[in-house]
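Chains A and B, in that order, give the protein sequences. My numbering puts the first sequence at residues -3 to 389. My numbering puts the second sequence at residues -3 to 389.
If you are wondering where the hints come from, they were derived from the structure by calculation, not from laboratory data. Remember, it's a predicted structure, so these values are computed and weren't measured experimentally. Wrong hints could be hidden among the right ones.
Remember, identical chains collapse to one label, so a pair may be satisfied in a single copy or spanning two.
[Unchecked claim] Below, simulated PhoX-like cross-link-like pairs (lysine-lysine); rule was C-alpha separation at most 20 Å, straight line:
no.: 1; residue 1: K293; residue 2: K329
no.: 2; residue 1: K268; residue 2: K231
no.: 3; residue 1: K260; residue 2: K322
no.: 4; residue 1: K127; residue 2: K231
no.: 5; residue 1: K327; residue 2: K353
no.: 6; residue 1: K166; residue 2: K260
Number of protein chains: 2
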Amino acid sequence: MKTKRLFAALAFSLALLPVAAQQNVGFRAARVQSPVVNADNTVTFRISAPKARTVMVMGDWENEPRASLKEGQDGVWEYTTPKPLPSEMYTYRFMVDNVMMLDPVNAFTRRDVGNVFSTFYVGGGNGDYYKVRDVPHGNVTQTYYHSDAVGQDRRMTVYTPACYNKNDGKKYPVLYLLHGSGGDETAWPELGLVAHVMDNLLAEGKIEPMIVVMPNGNIVKTAAPGETSENHDYKPMMSNQIEGNYKNGIYETAFPEIISFVEKNYRVKADKNSRAIAGLSMGGFHTLFTSLNYPEKFGYIGLFSAGLNLTGLDMTLPAYNDIDGKLANLKKKGYKLFWVACGNADGLFQANKDLCKRMDNQDMKYEFVETSRGHIWANWRQYLLTFSQRLFK
Amino acid sequence: MKTKRLFAALAFSLALLPVAAQQNVGFRAARVQSPVVNADNTVTFRISAPKARTVMVMGDWENEPRASLKEGQDGVWEYTTPKPLPSEMYTYRFMVDNVMMLDPVNAFTRRDVGNVFSTFYVGGGNGDYYKVRDVPHGNVTQTYYHSDAVGQDRRMTVYTPACYNKNDGKKYPVLYLLHGSGGDETAWPELGLVAHVMDNLLAEGKIEPMIVVMPNGNIVKTAAPGETSENHDYKPMMSNQIEGNYKNGIYETAFPEIISFVEKNYRVKADKNSRAIAGLSMGGFHTLFTSLNYPEKFGYIGLFSAGLNLTGLDMTLPAYNDIDGKLANLKKKGYKLFWVACGNADGLFQANKDLCKRMDNQDMKYEFVETSRGHIWANWRQYLLTFSQRLFK
């Protein structure tokens, strides 16, 4: 036991170290618990702020998403939602004396465009698909494809299902899943919880095993903010605020570069009916014009609250011209599913209805799914849950 | 131009939509700029907090890491570091009226154990290796290996260099890189900026192309907090606070499972001198005992501020017993490099020196690198920069 004594003599408490000299040690759990999802799915928020005069919580749930916390005796402010929240993944922030902040005791965060939010799950419904379950897990990879169109390597996120790792030579269909304005190749993985959704649906036998490719859709940037050679000088912003014309048609016309990269680097079924394309908001715009310009590429097309507001669009560009002629051509070439979903509180609702009218005029088949609520991630996650179950069957 | 008119009629401003109905649109750039790295590498912090009584910034730099901001006329508080900060990736938070918070206008954040921090880079030195440069980029993959030892799929992060994607049959050496207590498979990628470091060193021809495998080292958990089936119920905490004995020897003795998975799923040179293992803090502890128990596996061994405080360790376990005998065996089996680095302000400095004394007693070859400062990521990133350049040459 000489060894044991020697090491015991060297032992010391890390807690005695000066704070400035250490990281990754000595972390202490918080005194207050927040958020707490109660048994009835009401949610309680707490923050210790003894000097604050006002504390609010601002969330993305539907019923009373802004509310004041009340101060208790010990400087801990508290608020419980008056009603249970529907099952979902939620984001929220506190506003303490008018300063926006995360919940300081909640380590789970997500960035949406340029804001960072605290998050929580409410189970018992859709939220159970967004959580991790004890099922086989697929891979999530950040990789780069070379775009000759812009002369740059561009980043994408790729999900491959757990069974892909068997390396048994089996080939898989591909869903190309596009983000919205202000988003990037991390939006669907982080806010859309794509890996969790796909793992869970696949484990339940509700979807075909598929690869999901989530490319960066901001053609004037190579990757997400923080992951380009501009580093922190490229701050997250809406895509139409990025310097350079993001609606120049290059992304849509160069889309086959992405397909070629995927089909070269992954075990992929390379036929039309094994390819789907879908996108939210700006990604719905990209989806529409990519599929119109390449009617032979995709058997499945999904528009999620598509950004069909075409203000400022140069419709003389080959990528965007002759919509009706291209729709006619798409009809002729054929497709398995043209799926349009939009919330009826979304400002884009009418624009999506109008696209449907255009298709009606040409007697084209499509499905229009009207949901409640607006231009929100809760809808886009729901659309992915629904749309993915329709693919490749 | 009928099309153009039709769509123009549908156009509307997204800015007019009610806030609650939309996400991912209408993000506005902040009024204040923070942080700003000035031309002389001093850094200015700002926050709009008109009602605050005190505002502090707390960072992980060496010189005056805590300082008070001063309020200007418009409710914007400001502070500039008195001296330039050395080139590095830094983390910081604000404390407004004693409430810890992120910089609300800085979207770039990192989680370290259970705290989330705002981040920035200062260039001109090491920091330039941590930033993204316009060089070929490798892949970063989250994947799962099956551990028979614990009967679970466990998550790891794998970096493969850009040249790996040529799919030319070339095989690569592997660095197994282990995180510290409170960390997980996201710690080295996020806080160690492994992909940026490797991309940049490789582009400069300073390292051999290598695969970097970053497994989860908390044997009683399958993945990082938020990525296990406990979801948010498993909050980040120090590894010794996780229920279950994390120093039970299973991780170190089951380590060949990780190697087998990697060598089966990646194009890997599967010989001793093509394998390196290194780890920070608890990961240094894991590195020592894994290499002592498998002296035939690794040609390169790196201890980064290794957690060689063995208090509470059951040294009768086969994983941990007979250190001197195992060191002798390691010497006999041979190795290319045994590299020990520690900051001289680190509470673990003496324990690392004492390990060196043990090796001296056996006339074993090793290198001891003494650096300034303590148990901090700035040191671990520096150690990775240095150690990786010594490998596989």
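Give the relationship of K293 and K329 under a CA distance limit of 20 Å: within one copy only, between copies only, both, or neither.
Within one copy only: 10 Å inside a chain, 57 Å across chains, cut-off 20 Å.
I want to check one pair: K260 and K322. Are their C-alpha atoms no more than 20 Å apart within a copy, between two copies, both, or neither?
neither (28 Å within a copy, 47 Å between copies)
My question is about K127 and K231: at a cut-off of 20 Å on alpha-carbon distance, are they close within one copy, between copies, both, or neither?
between (29 Å within a copy, 15 Å between copies)
Is the C-alpha distance from K166 to K260 at most 20 Å within one copy, between copies, in both cases, or in neither?
both (15 Å within a copy, 17 Å between copies)
K268 and K231: within-copy, between-copy, both or neither at 20 Å Cα:
neither (37 Å within a copy, 44 Å between copies)
When no copy is specified for K327 and K353, does a C-alpha distance of 20 Å or less occur within a copy, between copies, both, or neither?
within (15 Å within a copy, 78 Å between copies)
Of the numbered hints listed earlier, those contradicted by the structure are 2, 3.
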